[in-house]
Amino acid sequence: MAKIMIPTPLRQYAGGSDSVEVDATSAGEALDKLIAAHPDLKKQLFNDEGKLRSFVNVYVSDEDIRYLDREKTPVKPDDTISIVPSIAGGR
Amino acid sequence: MSALPELTNDEVLRYSRHLILPEVGLEGQRKLKNAKILMVGTGGLGAPLGLYLAAAGVGKIGIVDFDVVDVTNLQRQVIHGTKDVGRPKIDSAAESMQDINPFLEIEKFEVPLSSENALDIIKDYDIVVDGTDNFPTRYLVNDACVLLNKPNCYGSIFRFEGQATVFHYEGGPCYRCLYPEPPPPGLVPSCAEGGVLGILPGIIGVIQATEAVKIILGKGETLSGRLLLYDSLGMKFRELKLRRNPECPVCGDHPTVTELIDYQQFCGIPQAAAAEEAEKGKLPEITPLELKARLDAGDDIFVLDVREPHEYDIASIEGTTLIPLGEVARRVGELDSTAEIVIHCKSGVRSGKAQKILKEMGFSRVTNLAGGILRWADEVDPSIPKY
Numbered sequence: 070m071a072k073i074m075i076p077t078p079l080r081q082y083a084g085g086s087d088s089v090e091v092d093a094t095s096a097g098e099a100l101d102k103l104i105a106a107h108p109d110l111k112k113q114l115f116n117d118e119g120k121l122r123s124f125v126n127v128y129v130s131d132e133d134i135r136y137l138d139r140e141k142t143p144v145k146p147d148d149t150i151s152i153v154p155s156i157a158g159g160r
Numbered sequence: 037m038s039a040l041p042e043l044t045n046d047e048v049l050r051y052s053r054h055l056i057l058p059e060v061g062l063e064g065q066r067k068l069k070n071a072k073i074l075m076v077g078t079g080g081l082g083a084p085l086g087l088y089l090a091a092a093g094v095g096k097i098g099i100v101d102f103d104v105v106d107v108t109n110l111q112r113q114v115i116h117g118t119k120d121v122g123r124p125k126i127d128s129a130a131e132s133m134q135d136i137n138p139f140l141e142i143e144k145f146e147v148p149l150s151s152e153n154a155l156d157i158i159k160d161y162d163i164v165v166d167g168t169d170n171f172p173t174r175y176l177v178n179d180a181c182v183l184l185n186k187p188n189c190y191g192s193i194f195r196f197e198g199q200a201t202v203f204h205y206e207g208g209p210c211y212r213c214l215y216p217e218p219p220p221p222g223l224v225p226s227c228a229e230g231g232v233l234g235i236l237p238g239i240i241g242v243i244q245a246t247e248a249v250k251i252i253l254g255k256g257e258t259l260s261g262r263l264l265l266y267d268s269l270g271m272k273f274r275e276l277k278l279r280r281n282p283e284c285p286v287c288g289d290h291p292t293v294t295e296l297i298d299y300q301q302f303c304g305i306p307q308a309a310a311a312e313e314a315e316k317g318k319l320p321e322i323t324p325l326e327l328k329a330r331l332d333a334g335d336d337i338f339v340l341d342v343r344e345p346h347e348y349d350i351a352s353i354e355g356t357t358l359i360p361l362g363e364v365a366r367r368v369g370e371l372d373s374t375a376e377i378v379i380h381c382k383s384g385v386r387s388g389k390a391q392k393i394l395k396e397m398g399f400s401r402v403t404n405l406a407g408g409i410l411r412w413a414d415e416v417d418p419s420i421p422k423y
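Line by line, the protein sequences give chains F and G. Offset between the first sequence (1-based) and this note's numbering: plus 69. Offset between the second sequence (1-based) and this note's numbering: plus 36.
If you're looking for bench data, these hints aren't it; they were derived computationally from the structure. Because the structure is a prediction, the values reported are computed rather than measured. Do not rely on the hints blindly, as some may be mistaken.
Straight-line distance between alpha carbons at most 25 Å, and here's what the computed PhoX-like set of lysine-lysine pairs gives [said to hold, decoys possible]: (1) G:K186 to F:K112; (2) F:K145 to G:K272; (3) G:K277 to F:K72; (4) G:K186 to G:K277; (5) G:K392 to F:K112.
Per the computed footprint, the stretches of chain F lying under chain G, defined by three or more beta-carbons under 8 Å from a beta-carbon of chain G, are [stated by the list, open to error]: (6) 75-89; (7) 93-104; (8) 119-127; (9) 146-159.
Glycine included, each C-beta is placed from N, C-alpha and C at the ideal position.
Take these sequences, add in the hints, and give me the full structure.
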């Protein structure tokens, strides 16, 4: 099972979980399964056209999937998938 | 080496713990004295940045801020004290930094950084440390640094989590390579809305300061090309790879952004404000004094509080029912769609959202309490604590 790390700002849409385990072979499949388990996350991660939002980055292990094969990026059972949204706080 | 300023005997003594580190030494300390760092913001991140960079012996620090110290800042902005509440942050920060190090030269810019002044302010500095708190300024600082070819020590925080890296250093990626576009306004809560662990900016700001000092010294390995993630609850540091995007509109191979743009527009701020304004007249509001008068007159009004339970514990209005905004749609069965309902939250934004949800579900008599419990505390019941 691959492990998806849920960042603080999105945990409220994932029942408070900080990580979710999914059985998936690609990044896209992993995200689909995550959304199936936590439907409230869908609007946070994807736009109306169903594309990953441009201020939400997804990493398989430590690599940004935009520089790999995007949603088709392969995922191994022991991989960690990180969702890293843009945050701006500083005050 | 010959162009570097000499250290006085007082400075040699002050920096002795640096001087006996071979990686810093006399030459490194003279590099620090020669360095000019621009610090944008003197808040959560700016506080440790200012204090440590001043202490380290950086020769000149420019400070950009136009805010005033508020009592709610003191939980994390350790550069300001209780005596400074109400003072300009820039004065309070400069005073603290000068007290730590009288050899430091400070230049103050008490203005909001903007597309009109950013290039002028940044151009004479070697490094920018970004301690701002909003997306438009983040993109402005990034673009200005790329256009002027300055490294940008970046950090940002949210609740219990932080991010840090170095942008645009020795051909490395910039902020737009990491996030090409900002989130639409309102989707990502600010620290003021979402809260922040007071110690968190201390950790992230000190990481930014460390990177700035390493760049000046030319020692070690900077965070350029790496995004450091810090989770204070799990007490975990993780690292992700960051690449320069050859298609990046500002630092890519064929840049399309060659001058500063309107960053408010880029981040959708005026558009969102216009949409909110258009929405405003459509949904009815009631002021705290009006609501109080009607409740006192015995009118049958159901007051719904849509804040979170931990906020209800801090302060609440008597006789209200709590259903957090995120649960309103699901728990709509608990409400009477024919009753007159007044919704309130902390300041009126979330209750406006709840009002919209209920209206769409067929509730016709739903009113928003203008200004939320904060305004209620101001105008009706001063015994209620504000948070």
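Right, here's what the structure says about each hint:
With a C-alpha separation of about 37 Å, the suggested pair K186 (chain G) and K112 (chain F) falls outside the 25 Å cut-off, and the hint is violated. The suggested pairing of K145 (chain F) with K272 (chain G) holds, with an alpha-carbon distance near 23 Å, which does not exceed 25 Å. Taken as a hint, the K277 (chain G) and K72 (chain F) pair is honoured in the structure, with Cα atoms around 18 Å apart against an allowance of 25 Å. Of the pairs offered as hints, the one joining K186 (chain G) and K277 (chain G) holds, with about 21 Å between alpha carbons and a cut-off of 25 Å not exceeded.
For the proposed pair K392 (chain G) and K112 (chain F), the alpha carbon gap of about 18 Å is at most 25 Å, so the pair holds. Check result for the stretch 75-89 of chain F against chain G: holds, 5 residues qualifying (beta carbon to beta carbon below 8 Å, three or more required). Against chain G, the stretch 93-104 of chain F contributes 0 residues with a C-beta closer than 8 Å to a partner C-beta. That does not satisfy the three-residue criterion, and the hint is violated. For the stretch 119-127 of chain F, the assignment as covered by chain G holds, since 4 residues bring a beta-carbon within under 8 Å of that chain's beta-carbons and 3 suffice.
With 8 residues carrying a beta carbon less than 8 Å from a beta carbon of chain G, the stretch 146-159 of chain F meets the three-residue requirement, and the given coverage holds.
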